[in-house]
Amino acid sequence: MELTNDNTNDATVSHGNAVMKQQIDRSIASYFSSCVHCGTCADACLFYTETRDPRYTPIYKLEPLKKVWKQEYTFFGKLGKALGFSKPLSEDDYAAWEDLVYDSCTLCGRCSMVCPVGIDITYMIRKQREGFSAAGYAPEGLKSAHKRTLDTGSPMGVTWKALKAQIRHVENETGLTIPVDKQGADYLSTLSSLEIMGFPEYISSLAKIFDAAGVSWTLSSESFEATNSGIQIGDSKKAAELVERIVSVATKLGVKNVISPECGHAYTAIRWEGANLIGRPLPFRVLHIVELLDELKRQGRLKTNGKNDARLTFHDPCNLVRKGGVVDQPRQLLNNVASNFVEMNDHGVMNWCCGGGGGVSSNERADELRLVAFKKKKQQLDEIKVDTLVTACANCRNNIEDGLEHYDMDIEVIGLTELIAQYLDTDRP
Amino acid sequence: MTRLSAHAKGLLFAGILLIVSTLSIPVAPYLWLSFSNDTATATETQEQNPRATFWRSVRRGSSGYTAVPGQEAGVVIHGNGLNWREYRVKILAPYGSYLMAGVLIIIAMYYAMRGPINLESGYSGQSITRFSVYQRVIHWFTAILFWLLSLSGLILLYGRYVLIPLLGSKGFAITAAACKEAHNLFGPIFLLALVLLIATFIRDNLYRKGDIDWLKKGGGMFGTHASADKFNFGEKVWFWLVCILGLSVSVSGVLLDFSILGLNRTAMEIAHVIHSAAAIIFISISFGHIYLGTVGTQGTLDGMTKGSVDANWAKHHHDRWVPETGNQEAIQHPLTSNMREAPGD
Amino acid sequence: MTEFIQGPLWTIATTIFLIGVVWRITTIMSCKVSGELSRTRGTAGVGSIKAIFGRFVPRKETISSGRFQMITGYMFHLGLFALLFFAAPHVEFLKQRYLGFGWTPMPRWAFVIAAELAFAGLILLWLRRIMHPVTRLLSTLDDQLASGLTFVAMFTGCLALFESYTQLRVLHLFTVELLLIYFPFSNLMHAFTFIISRGSTGTRAGRRGV
Chain A
0 MELTNDNTND ATVSHGNAVM KQQIDRSIAS YFSSCVHCGT CADACLFYTE
50 TRDPRYTPIY KLEPLKKVWK QEYTFFGKLG KALGFSKPLS EDDYAAWEDL
100 VYDSCTLCGR CSMVCPVGID ITYMIRKQRE GFSAAGYAPE GLKSAHKRTL
150 DTGSPMGVTW KALKAQIRHV ENETGLTIPV DKQGADYLST LSSLEIMGFP
200 EYISSLAKIF DAAGVSWTLS SESFEATNSG IQIGDSKKAA ELVERIVSVA
250 TKLGVKNVIS PECGHAYTAI RWEGANLIGR PLPFRVLHIV ELLDELKRQG
300 RLKTNGKNDA RLTFHDPCNL VRKGGVVDQP RQLLNNVASN FVEMNDHGVM
350 NWCCGGGGGV SSNERADELR LVAFKKKKQQ LDEIKVDTLV TACANCRNNI
400 EDGLEHYDMD IEVIGLTELI AQYLDTDRP
Chain B
0 MTRLSAHAKG LLFAGILLIV STLSIPVAPY LWLSFSNDTA TATETQEQNP
50 RATFWRSVRR GSSGYTAVPG QEAGVVIHGN GLNWREYRVK ILAPYGSYLM
100 AGVLIIIAMY YAMRGPINLE SGYSGQSITR FSVYQRVIHW FTAILFWLLS
150 LSGLILLYGR YVLIPLLGSK GFAITAAACK EAHNLFGPIF LLALVLLIAT
200 FIRDNLYRKG DIDWLKKGGG MFGTHASADK FNFGEKVWFW LVCILGLSVS
250 VSGVLLDFSI LGLNRTAMEI AHVIHSAAAI IFISISFGHI YLGTVGTQGT
300 LDGMTKGSVD ANWAKHHHDR WVPETGNQEA IQHPLTSNMR EAPGD
Chain C
0 MTEFIQGPLW TIATTIFLIG VVWRITTIMS CKVSGELSRT RGTAGVGSIK
50 AIFGRFVPRK ETISSGRFQM ITGYMFHLGL FALLFFAAPH VEFLKQRYLG
100 FGWTPMPRWA FVIAAELAFA GLILLWLRRI MHPVTRLLST LDDQLASGLT
150 FVAMFTGCLA LFESYTQLRV LHLFTVELLL IYFPFSNLMH AFTFIISRGS
200 TGTRAGRRGV
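Chains as they are written, first to last, in numbering that gives the first Met the number 0: chain A, 0 to 428; chain B, 0 to 344; chain C, 0 to 209.
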């Protein structure tokens, strides 16, 4: 399966090696110099803790990139390379590490939080994937999703036609009009395909909340997809293209703010990587929907009435909370609509990944491992015995529902936006 | 007063026994030394010469006035010092070497006659976890320190006989100085290791019903199968010897090491007698432990290196432990035996 | 031989050490910095300082799983730091060779405790490294050489404590020279580069307000 990028015909190991070399920056050089192989990162990774397989130690997943660094930046590495003892990465190296790099890592960032010498392992895995995908080594599921995104705009092949149909349903259900391609709106909302097809209640919730809060917003028919398969597979060139699609329509529509929906990596792609990918600052502000809801609440524009009394907890999407910095807002919002909110023992920036992020849920080959890793989330939930789990990422939601079903656990899963919409105070003074 | 569980009672009893036995070890050599003191005392004779009287009194270790500050500065000659030296040269060194050599010979003879205790049914390929990473780390930590301290200690005791011929006096002086420093520095760490070791392994080394039967059957060392739980009676005895001998050697060692604690010479001599006697006994018995843990019993070393043992080994040597491990695979497939069962089983 | 070890070899070793460390750090600092164009939420500088100092304290969620390494790691590092800079023979050595001035060294009892903590920590850490499946997989020849050379340098220092035999002191100096020569080529460089790695990650985290 070839990648549809400019280097389609260059998906070779030598190309991969060249790309790998380009990834090494000051951070990475300092990281490999500082690693003393203490193994602390292992206990932070759910793939290791639930399998006890030492190969899932996060820093071990970076052996290929480390080999490149050694050969380029260390005395003995350079000497070995010059004398022919040390060979560049081979097909076997890429093949042997592919599943470690893609199946057993969700880029959740928990390992980066605990390293005593401050190594950002997640940052390096993201960079290493650039080399892997350039060499043609990525899971088939992810490659297909990437191709579909580049060709159709959506990793699931969701077209504007399908979204239009969902919009019609929502409008019928809510009696509200969903603005599309509205020039000069304050907020452009992007959507994830998973929300559109799997959780369309997100769209109706948005409509209700924005109507009640008097928010001027719009969708775009030309480019509505928030997700970015490029940052998951490790193809920055195409990732930049996907960001440009959003920048282009935002500019055309003259919006000042772009909303990233309930999706994890979509937020990372546009909020933190977007400007770097396209090489210039974004001409608009980016907010995650949770950030916007929190702002609206503080401004007094979002009012709620009543509270859900189920014993519920919040699953922190890794890209939103730990990697995104949106830590307090979900909690502030939940406390307004829930009377029995219980935190998981490890919560906030140290919550555990659901196991489905970073492209893992698109990778059928990783299904079995993903479900084993879910035992960590199961353990967290067993500890606090809740009836409901709230989260703010459709992929987390999907993956958690999958895991709960697999382990026969009776817990309801709901999105935060959806929950807020249920307790919306629509009475106008 | 809350009722203690059987387990806690066992621990408490073990602790008391440990302390009492450790404290009673000084009694034997102390008694000997007291006896020696009496025989060393010169008989009173009528003496006209005041200088001779003075000398006799000094020779017996009487204390006089001195302007020099410090512990026992007024004692010019410490009479007991000779007795202590006699003990070291005439008792400790020779008998210590007989004991160590004797144990090695017995082991060699046993090996020659019996050979290693192999697994009759061979390895099954199924593993049972025996020791955690932490347990293994603590064991080897203690073992490494024991090795360092034994080696340096034996060099300090026997070096003059064995190493001076090889290295010359000057060479040995350097070696001895180095060994003294190493021995003194690593000694207190051994105490730490020992405390951690005891805390880690005490729970599985309490006496349980059935242990004495293992002993009655010769521990399976002479052909018949002997049932045991996680640790057999022999291993438990070794554990308690480690506790007693180890604590004796460590505590006396710390007293010897830190003169800042202010012990007088007699107390230091007693401490040395305890330290050296306990150490030699400890080293001698350790030969047995090392033999049985390596060459002597096939499959044993895996437990302390890999952390897991073969299921056949477990069923052969520690059959009562296997069901406690919760390892269903091993439990559900009992060994088909071609072992010799002892009559009456 | 003794003169060589105390004289020229010491100069060679310290030169290799200094040049090597500066070279390694320069190589890292001259690598490109991936630019950050996204709007910052927090402060990069604050994040950097927080990480450099904050990572000395493990996160509370990791304390139970990381307890052994935290305790033994600090035993070793703090003990070694105390020995290196506050042991009387070392203070005297630096005073005579380089500085012309010294400072109050540790009392003997503190020195002994520091040495014992350092040794215990090092041996325990090394044992864990070879016993635990994760560190067994990760460990390289570099890790073994670094641990080994450090132990040997400390051990020979301990042997020379009597301070009466030149041979033992020279042996200690020799093993230290080997360690100094090896240092810039190994991951012992973490002693310096940890500031850059923590700072780097902290900068990124600070920008995101984490």
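No lab work stands behind these hints: they were computed from the structure.
A virtual CB, placed ideally from N, CA and C, is assigned to each residue, including glycine.
Worth double-checking, as some hints may not be accurate.
Derived list of chain B stretches under chain C, where covered just means 3 residues or more per stretch with a C-beta under 8 Å from a C-beta of chain C [said to hold, decoys possible]: (1) 135 to 142; (2) 232 to 240.
Residues from chain C that face chain A, not an exhaustive set, calculated with beta carbons under 10 Å [what the hints assert, rightly or not]: (3) Arg135; (4) Ala152; (5) Thr165.
Checking hints one by one. Is arginine 135 of chain C an interface residue toward chain A, by the C-beta closer than 10 Å rule? holds, 7 Å
Verify the interface restraint on threonine 165 of chain C: the C-beta must sit less than 10 Å from at least one C-beta of chain A. Cβ of threonine 165 of chain C sits 34 Å from chain A, so the hint is violated.
Using a Cβ cutoff of 8 Å, are there at least 3 residues of the stretch 232 to 240 of chain B near chain C, or does the coverage claim fail? violated (count 0)
Count the residues of the stretch 135 to 142 of chain B with a beta-carbon closer than 8 Å to any beta-carbon of chain C: does the count reach three? As far as the stretch 135 to 142 of chain B goes, the hint holds, because 4 residues have Cβ atoms under 8 Å from chain C.
Let's test the interface hint: is any C-beta of chain A closer than 10 Å to that of alanine 152 of chain C? violated, 17 Å
Hint check: violations occur at hints 2, 4 and 5; the rest are consistent with the structure.
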